[in-house]
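Asks: In case you want the letters, here they are:
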Amino acid sequence: MKTARSMVLVSADPESIRRGSEKIYSTFQEELSQLGLQDEISLSWLSDSGRHNALPMVVIYPEAVIYGPITPEDVPYIVEEHLNKGRIASSLVAPIHELSGRIAWLSSRKGTLPAEKRIVLERAGIINPEDVQDYILHNGYKALGKVLITMNPLDVLNEVDASGLKGRGGAGFPTGQKWRFVSKATSNKKYVICNADESEPGTFKDRLVLEGDPHSIIEAMAIAGYAVGADEGYIYIRGEYALAQERMRLAISQAQELGLLGDNIFNSGFNFNIHVHSGAGAYICGEETALIESIEGKRGEPRSRPPYPTTNGLWKKPTLVNNVETLANIPAIIRKGASWYRSIGTPKSPGTKVYTILGNVNATGLIEVQMGITLREVITIYAHGMKGNSTFKLAQTGGSSGSIIPASLQDTPMDFESFNKAGVALGSGALLICNEDTCIVDLCKVLVNFFKNESCGKCNPCRIGNDRAYQILSNIAEGVGTMQDMKDLESIEMYLYQMSNCGLGQTAGTPIKDTLSHFRAEVEAHIKLKICPTGVCRMSGHKVN
Amino acid sequence: MSTVKTLEDLKRIREEAIEKRKAKAISGEVQVIVGMGTCGIAAGARDAMKAILDVIEINNLSGIIVTQTGCIGLCEKEPIVQVVLGEQSKVTYGKVTPEVAIKIMKEHVDGGKPVQSHVITLT
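The listed protein sequences derive, respectively, from chains A and B.
Sequential numbering from 1 applies to the first sequence in the working numbering.
Sequential numbering from 1001 applies to the second sequence in the working numbering.
Keep in mind that the hints are not guaranteed to be accurate.
[Claimed, not checked] Capping the alpha-carbon separation at 16 Å, the derived lysine to aspartate or glutamate pairs in EDC-like fashion look like this: (1) 1020(B) - 131(A); (2) 1103(B) - 1054(B); (3) 348(A) - 417(A); (4) 317(A) - 232(A); (5) 1106(B) - 1057(B); (6) 1005(B) - 161(A); (7) 387(A) - 1076(B); (8) 530(A) - 485(A); (9) 142(A) - 1054(B); (10) 142(A) - 1015(B); (11) 1022(B) - 1087(B); (12) 1024(B) - 134(A); (13) 1020(B) - 1087(B); (14) 23(A) - 74(A); (15) 387(A) - 417(A); (16) 23(A) - 13(A); (17) 189(A) - 231(A); (18) 528(A) - 478(A); (19) 336(A) - 478(A); (20) 142(A) - 161(A); (21) 23(A) - 73(A); (22) 336(A) - 155(A); (23) 146(A) - 1008(B); (24) 1095(B) - 1047(B); (25) 513(A) - 478(A); (26) 189(A) - 232(A); (27) 513(A) - 524(A); (28) 85(A) - 134(A); (29) 317(A) - 296(A); (30) 146(A) - 1076(B); (31) 1020(B) - 134(A); (32) 336(A) - 122(A); (33) 1022(B) - 134(A); (34) 1011(B) - 134(A); (35) 142(A) - 1076(B); (36) 117(A) - 73(A); (37) 1005(B) - 131(A); (38) 85(A) - 31(A).
Derived by calculation from the structure, the hints in this document are not laboratory data.
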């Protein structure tokens, strides 16, 4: 993929082809080369766009303008107006009332460059994380003051509910609802836990917040504590994040000195204290009940649910467990209001999402963008294209437990609803971008090996299933797989999902499922033809076990 | 700093910080900010920081404040160093090795001319 100044996508679903989108494509080719623009503007097919009212259609990036329905005769006009003169050919823009869902959203922001929108990372990398004054200078602790002085707990719950914020740890559970559950539970003691055990491979968004803006988490936890009626909080930071722990401890002591933590904060009678708890390097402790067990000093094994932590959590008391990124959104929501937050992102998934981009792209790093941006946009705009002009083959979202997304889904907006509909998961926000040199069997093997090692061993499906799946995949990679192996993998995947005790086992089968549903032919090539199409697997012909 | 009990207290701390910042800018003070998140440190931010401090010590420079910040999200460009000269706007440098850091200190902090070859634009 070359980095071009504009990108033209022509819809390629069966209906568009029937209505002549191939002719549209070739007309674009002719027109562009006539004007000598073929090197500046990339032309490709648009994978399934999900809507059929305005077909055939053409989408032009970076403006994200949708034209449709168009005929080959319209093409010269679009090329002349939009690509040559840089004006939007408004007479051909698809009418919004004919579109709905994801495309309607896409067209509602036409004409704007999808720039980064920073809420969670607003201050990280700008302020000195070891200076509380610098945080206060950037509107810090304003939200806490506002909450404690002018709002009652119910107002806070309503505000968070109205914002539509969803948990950013991977599952996407509505945050306001979770807060309400804890608030309703009756108990003499409640806890707030910040889950900072970020151990999904490839994810490091929480580290950035913890290291760059630790006070925002303290502020958010105190707000959460006030809303649900808790007076004690824990931040469970993974053991490898030594710097994050150090900065968090320093930030807590600074907040205590200023009276922003402790007794009678802002003279409101509200008390709140926070402890830092260090993890010890177990992936399973990112699961909320295992995390709670670990804080209690026990072995990190997940509990059976129900009862849920919202009623029986830490030391059997109602406990609110939220991810770092979720909490980092809270002060901004309180300061600027729920309706402001609603105006960002998609209607059903408001707000932004932080992604860590890694893999075969030109620019790796972190971005925070509005919900609903597509993978294609992330790769071409923020990641500056694929490395060495290679071809995009798949993306792995959300670390090991996320989905493997084939190139055909790269035009799906990245928000919780659209991804659910497409049968994939958004996960925690890691985007591992792979080019055509990646072997799907090898990738799947690596991911399953991770789960095999990290399974806590409490329940059989996960402990034995992952081990067996790894054996089978290794055999396929050595060229001794059989067609029965594929069936076995399918049933292991099903049992993992249906019978495992916790989220680790339930999601461990995702890579297998995605591999078999999107890349079946490649796996079959390993089995039937005994070749690895990418030349990655050893194919030694010896059984491993 | 005294404890914060009302929104006025918070506002006061904020105003103090703004005042301090203004005074710094007017007096032409130089701020050198080094990105010291885990990614920055892994890429060699400590070496860059050390080189900067060495330059200040050897040449006995004054009026320069060296501070740290977290990661800004451009992990690929680490180590990142930002320089603010008095009231001028911030200049961001990427891939700052100790040699580049010394160059920045000499040409930009001392000479007032940004080292264009290492400037990165934030989008």
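Asks: Are the hints correct? Go through all of them and say.
Replies: Evaluation of the provided hints:
Distance hint between residue 1020(B) and residue 131(A) is fulfilled; the C-alpha atoms sit about 14 Å from each other, no more than 16 Å. With a C-alpha separation of about 13 Å, the suggested pair residue 1103(B) and residue 1054(B) falls inside the 16 Å cut-off, and the hint holds. Proximity of residue 348(A) to residue 417(A) is assessed by CA-CA distance (about 7 Å); at most 16 Å being required, the pair is judged to hold. Distance check on the hinted pair: residue 317(A) and residue 232(A) sit about 11 Å apart at the alpha-carbon level, within 16 Å; holds.
Our distance criterion of 16 Å between C-alpha atoms is met by residue 1106(B) and residue 1057(B), whose separation comes to about 13 Å. In summary, the hint linking residue 1005(B) to residue 161(A) is not supported, as the alpha carbons are separated by about 28 Å, beyond the 16 Å threshold. For a cut-off of 16 Å, the pair hint linking residue 387(A) to residue 1076(B) stands: about 14 Å separates their Cα positions. At roughly 14 Å between alpha-carbon atoms, residue 530(A) and residue 485(A) fall within 16 Å of each other, so this suggested pair holds.
Distance restraint check for residue 142(A) and residue 1054(B): the Cα-Cα separation of roughly 39 Å exceeds the 16 Å cut-off, and the hinted pair is therefore not satisfied. Of the supplied pair hints, the one linking residue 142(A) and residue 1015(B) holds, its CA atoms being roughly 13 Å apart against a limit of 16 Å. A distance of roughly 8 Å separates the Cα atoms of residue 1022(B) and residue 1087(B); the hinted pair therefore holds under the 16 Å criterion. About 14 Å separates the Cα atoms of residue 1024(B) and residue 134(A), which keeps this hinted pair within 16 Å; it holds.
The straight-line distance between the Cα atoms of residue 1020(B) and residue 1087(B) is roughly 13 Å, inside the 16 Å bound, and the hint therefore holds. As the CA atoms of residue 23(A) and residue 74(A) are separated by approximately 11 Å, the hinted pair is consistent with the 16 Å bound. Note on residue 387(A) and residue 417(A): the hinted pairing is violated, with a Cα-Cα distance of about 30 Å set against a maximum of 16 Å. Annotation: proposed proximity of residue 23(A) to residue 13(A) holds, straight-line Cα distance about 14 Å (limit 16 Å).
Of the pairs offered as hints, the one joining residue 189(A) and residue 231(A) holds, with about 8 Å between alpha carbons and a cut-off of 16 Å not exceeded. Taking the CA atoms of residue 528(A) and residue 478(A), the gap is near 12 Å; set against the 16 Å cutoff, the hint holds. A threshold of 16 Å between alpha carbons decides the hint, and for residue 336(A) with residue 478(A) the separation of about 57 Å lies outside it, so the pair is violated. Using a Cα cut-off of 16 Å, the hinted pair residue 142(A) and residue 161(A) is violated, with the two alpha carbons roughly 20 Å apart.
With a CA separation close to 10 Å, the supplied pair residue 23(A) and residue 73(A) stays within the 16 Å bound. This hinted pair checks out: residue 336(A) and residue 155(A) have alpha carbons roughly 14 Å apart, not beyond 16 Å. Simply put, residue 146(A) and residue 1008(B) have alpha-carbon atoms about 11 Å apart, close enough for the 16 Å limit, and the pair holds. This hinted pair checks out: residue 1095(B) and residue 1047(B) have alpha carbons roughly 12 Å apart, not beyond 16 Å.
At roughly 21 Å between alpha-carbon atoms, residue 513(A) and residue 478(A) are farther apart than 16 Å, so this suggested pair is violated. For a cut-off of 16 Å, the pair hint linking residue 189(A) to residue 232(A) stands: about 8 Å separates their Cα positions. Straight-line distance between C-alpha atoms of residue 513(A) and residue 524(A) comes to about 15 Å, which keeps the hinted pair within the 16 Å bound. About 46 Å separates the Cα atoms of residue 85(A) and residue 134(A), which puts this hinted pair outside 16 Å; it is violated.
For the hint linking residue 317(A) to residue 296(A), the alpha-carbon distance of about 12 Å falls within 16 Å, and the restraint holds. Between the alpha carbons of residue 146(A) and residue 1076(B) the distance comes to roughly 38 Å, so the proposed pair goes past 16 Å and is violated. Between residue 1020(B) and residue 134(A), the direct Cα distance comes to roughly 11 Å. Compliance with the 16 Å bound is thereby established for this hinted pair. At roughly 14 Å between alpha-carbon atoms, residue 336(A) and residue 122(A) fall within 16 Å of each other, so this suggested pair holds.
The straight-line distance between the Cα atoms of residue 1022(B) and residue 134(A) is roughly 13 Å, inside the 16 Å bound, and the hint therefore holds. Distance hint between residue 1011(B) and residue 134(A) is fulfilled; the C-alpha atoms sit about 13 Å from each other, no more than 16 Å. For the hint linking residue 142(A) to residue 1076(B), the alpha-carbon distance of about 33 Å lies beyond 16 Å, and the restraint is violated. The hinted pair formed by residue 117(A) and residue 73(A) fails the criterion: a straight-line CA distance of about 38 Å is larger than 16 Å.
Only pairs whose Cα atoms come within 16 Å are accepted, and residue 1005(B) paired with residue 131(A) is rejected, the gap being roughly 19 Å. Restraint check for residue 85(A) and residue 31(A): satisfied, since their Cα atoms lie roughly 14 Å apart, inside the 16 Å limit.
Violated hints, listed in ascending order, are 6, 9, 15, 19, 20, 25, 28, 30, 35, 36, 37; each of the other numbered hints is respected by the structure.
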